[in-house]
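Enquirer: So the protein sequences, as listed, match chains A and B. Going by the working numbering, the first residue of the first sequence is number 1, and it counts up by one from there. Going by the working numbering, the first residue of the second sequence is number 1, and it counts up by one from there.
To be clear, the hints were calculated from the coordinates, so they are not data collected in a lab. One or more of the hints may lead you astray.
[What the hints assert, rightly or not] Here are a few chain B residues that face chain A, going by a calculated C-beta distance under 10 Å:
hint	residue
1	Gln37
2	Gly42
3	Tyr48
4	Gly51
5	Pro70
6	Val74
7	Ala93
8	Gln106
9	Arg113
[Said to hold, decoys possible] Cross-link-like lysine to any residue pairs, in silico, SDA-like; alpha carbons within 25 Å at most:
hint	chain 1	residue 1	chain 2	residue 2
10	A	Lys16	A	Tyr32
11	B	Lys11	A	Arg96
12	A	Lys38	A	Tyr64
13	A	Lys3	B	Ala54
Note that the structure is a prediction, hence the values are computed from the model and not measured. Note that the Cβ used here is the ideal one computed from N, Cα and C, for glycine as well.
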Amino acid sequence: AQKVTQAQTEISVVEKEDVTLDCVYETRDTTYYLFWYKQPPSGELVFLIRRNSFDEQNEISGRYSWNFQKSTSSFNFTITASQVVDSAVYFCALGRRPNTGNQFYFGTGTSLTVIP
Amino acid sequence: GAGVSQTPSNKVTEKGKYVELRCDPISGHTALYWYRQSLGQGPEFLIYFQGTGAADDSGLPNDRFFAVRPEGSVSTLKIQRTQQEDSAVYLCASSLVHVGTGEETQYFGPGTRLLVL
Numbered sequence: 001a002q003k004v005t006q007a008q009t010e011i012s013v014v015e016k017e018d019v020t021l022d023c024v025y026e027t028r029d030t031t032y033y034l035f036w037y038k039q040p041p042s043g044e045l046v047f048l049i050r051r052n053s054f055d056e057q058n059e060i061s062g063r064y065s066w067n068f069q070k071s072t073s074s075f076n077f078t079i080t081a082s083q084v085v086d087s088a089v090y091f092c093a094l095g096r097r098p099n100t101g102n103q104f105y106f107g108t109g110t111s112l113t114v115i116p
Numbered sequence: 001g002a003g004v005s006q007t008p009s010n011k012v013t014e015k016g017k018y019v020e021l022r023c024d025p026i027s028g029h030t031a032l033y034w035y036r037q038s039l040g041q042g043p044e045f046l047i048y049f050q051g052t053g054a055a056d057d058s059g060l061p062n063d064r065f066f067a068v069r070p071e072g073s074v075s076t077l078k079i080q081r082t083q084q085e086d087s088a089v090y091l092c093a094s095s096l097v098h099v100g101t102g103e104e105t106q107y108f109g110p111g112t113r114l115l116v117l
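Chain B with its partners taken away, still in its complex shape (with noise of 0.2 Å):
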């Protein structure tokens, strides 16, 4: 399909375990973002790469996470020790920017289920 996709859709873990979680945006796209969605919330920001680097990480929690976009297409992001306050819907947009504008919209993939036990 032509829109962003996420694998795992569901990823059951117990806590301590190290997990990734991988996303493909829309070809072409050069922007990507990491979300995480708790239940009843809005998605709440992570990252956001620019081609291959992380302009922004400041929405990470802690340093048990980190991803990475190698070849400036998919991502990966990756958490260490899994704790069960990290069981969450973790989303991935990917968004083209206006290089004169800057404007862009993000275009959401179905998101990871991760559930830490």
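Same shape as in the complex, but just chain A (with noise of 0.2 Å):
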């Protein structure tokens, strides 16, 4: 079965402060793909990045790092010097390749709130 685990339901920081959002994933499959997204209060989810299972190779976009690590099947993000425009609800989710199903499996989200 796949699943997303993202255990952090609500986060507050103050802003300058890093900040690391958990997701643990399972799956059966070999191949895969981890996302995160960005829910800000208007609703629309953001595409942050994809990461392709055989590709643990960690990844730094400005302020924004993912840390992929397949032996304890997590993909965590880390925010360095956070900002309001952070504050957002970050959904996590695991993708299939098309020969197993092309469905999208979404953890709960995390509620990151950064206070001025």
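Using the supplied hints, reconstruct the complex from the two chains, each of which is provided in its own coordinate frame.
Expert: Structure, rendered in structure tokens:
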């Protein structure tokens, strides 16, 4: 079965602090994809990153960085020097290859509040 | 715009009525998905189209829900005899599936907020 767990329901940080959002996934597939999406108060899900299961290289994009560890089935997301505009709900998702079904499985989200 | 669009943005209906929700995917995207998101939850898969056909409709909760994509572009999600538990945000996403690797990234629309009274 496919499952994504985001244990942190809500996080509050003061502006300029670093914050890490946790994501743990379960799958029996050998090839899969992991995603992070941001959902601001406006409601539209914004794509942030996709990571293929065979590529464990960590990635940095500006203030955002992602740590993918297959050994622990985790795909954590860190925001450095947080800003008020980072306040949103963040979703981690697991995607499958077409030959095993194209469903995306989303976690329940982590609501991040950055306090000025 | 170049993104996924959904209409209406909000829909209020009475229990038992029929509703249609429309999704315009990104031009050229062959794959289209419908999700349902309840308050405080992540999106829940409903149905997936590759071209005109529903490749996977295993997420549809019951036979009151149906979706079509007759020309492989615009899709309509149809809900018959609406119930209060159908109240949610209905999200549409489209993607371009890489033929060789199957890789894809889904891009979401703003959603339709459905309220069944």
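Enquirer: Hints broken by the structure, by number, lowest first?
Expert: Going through the list in order, the structure violates hints 4, 5, 6, 10 and 11 and respects the others.
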